[in-house]
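Number of protein chains: 2
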Amino acid sequence: MLIFPTRHTTEKMAATRILGVDPGSRMTGVGIIEVKGDRVVPVYFEPIKAGSGEFTERLGIIFSGLQQLIKEYKPDEAAIETVFVAHNAASAIKLGQARGAAVCAAISCDLKVSEYSPRSIKQAIVGRGGADKGQVQHMVGLLLGIKGPIQSDAADALAVALCHQHTSQTLARMAMMQQA
Amino acid sequence: MLIFPTRHTTEKMAATRILGVDPGSRMTGVGIIEVKGDRVVPVYFEPIKAGSGEFTERLGIIFSGLQQLIKEYKPDEAAIETVFVAHNAASAIKLGQARGAAVCAAISCDLKVSEYSPRSIKQAIVGRGGADKGQVQHMVGLLLGIKGPIQSDAADALAVALCHQHTSQTLARMAMMQQA
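Chains as they are written, first to last, in this note's numbering: chain L, 2 to 181; chain A, 2 to 181.
Chain L extracted, bound-state conformation:
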C-alpha cells in the first residue's frame, strides 16, 4: 500500500528560513531563523551598522547589506515591524527611509514582506502586547536557545521573524482544521 505523506508530515520535513528586520538609520537589526517542523533554530543575528556618514550613503549600506545577506542565507520569507510612532517628524522620516531601504532590498530579491505591529510581536513572543523590550529579548534567547547576550536590534529582528513563524503556523493549523 502506498501512503502519501500528509500535509503535516511534509511540513515537518521542509525547512523554511524566515528573515526578520528591525530597521533603523544607524543600526538595522537582521535575524534569520530556520523552521523545520516544530524546531526553530537561529541562523544569523547581527545588526547592519550604517554608520554616521551621509544619509543616502547610510541607506545604501542598509540596502546592499541586506541584499547581500539575503543572497547568502537565502530566506524564503521576510517580516518587518510596522512603525507608526517616532520622537519627532525628522526622526520619523529617517526611520521611514531606513525601513523603505530594507523593504526594497527584500522586494528586489523577490521576497514577500509581511508586516507586524509592535503589539502583535510582543503578544506572539511574550504573550502580552504590553511587554517591555527586555522581556521580549529575554524570551527570544530562550525560544531560540541562544546563550549569552544578543545585540538588541538583532534580537528585535529575531522577534519579528519568530512572530511571523508563529502567525504562519497558526494560520496553517486553522486552514487544516477547516479542511478536516
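Possibly wrong hints are sitting among the right ones.
[What the hints assert, rightly or not] Below 27 angstroms or equal to it, Euclidean Cα-Cα: the simulated DSS-like pairs (lysine-lysine) are:
1. L:K113 <-> A:K50
2. L:K50 <-> A:K50
3. L:K113 <-> A:K72
Read the hints as simulated data drawn from the structure, not as lab findings.
On the provided structure of chain L, position chain A as indicated by the hints.
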C-alpha cells in the same frame, strides 16, 4: 596651430542627463532634464502612481518603476528633495519610506544622489526661498519651455533636477575661477 578645446567648450558639447525625484507614497514625481552647454531641455516628466494597495506593494512600485525609468532614460546624476516636516509621525514615516525606496532605486543603478532642501530649490528656481508651490511650477514651465500644465509632482521633480543643474554649474564656474 592646434587649439585644444577649453573646459568650457567641452562642457558645451557633452550632454548630461539629470534625474529629479519628488517622493510620495501615492505619487512620486519623476523629472529628467538634459543639459548641453547652456541649453536645458525636458526629457521626461510624469509621476509614478503607486496606487492605494498594500504599503509594501506601493514601495515596490516606486522602487521598480524608478529603476525602469533610469534604465530607459539613462540619467548621469540624481537629485532629491530633503524632507524634514510632515503633518504627523505616521505620514512622516510613510513619506520617509517612499523616499528610501526612491534613493535605493537610484543607488542600485549606480547613480550618485544629491540632496537639496525645499528652500534651496525655491531659491534656485524662483530666486526666493519663500516662493510658493505655484510660482515654482510656473517657473519650471518657463525655464524648460513646456507649454500647458505639468502634473504637480512631476513639476516638483523637474524643479529638483533644475536646482541640481544650477548648483553644479555654479560650482563648476567657481572651480574654473579658482583655477584661472
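For each hint, the structure was consulted:
1. L:K113 <-> A:K50: Within the cut-off at roughly 21 angstroms; holds.
2. L:K50 <-> A:K50: Measuring from Cα to Cα gives roughly 33 angstroms; hence the hint is violated.
3. L:K113 <-> A:K72: 24 angstroms, holds
Violated hint for the displayed structure: number 2, the only one.
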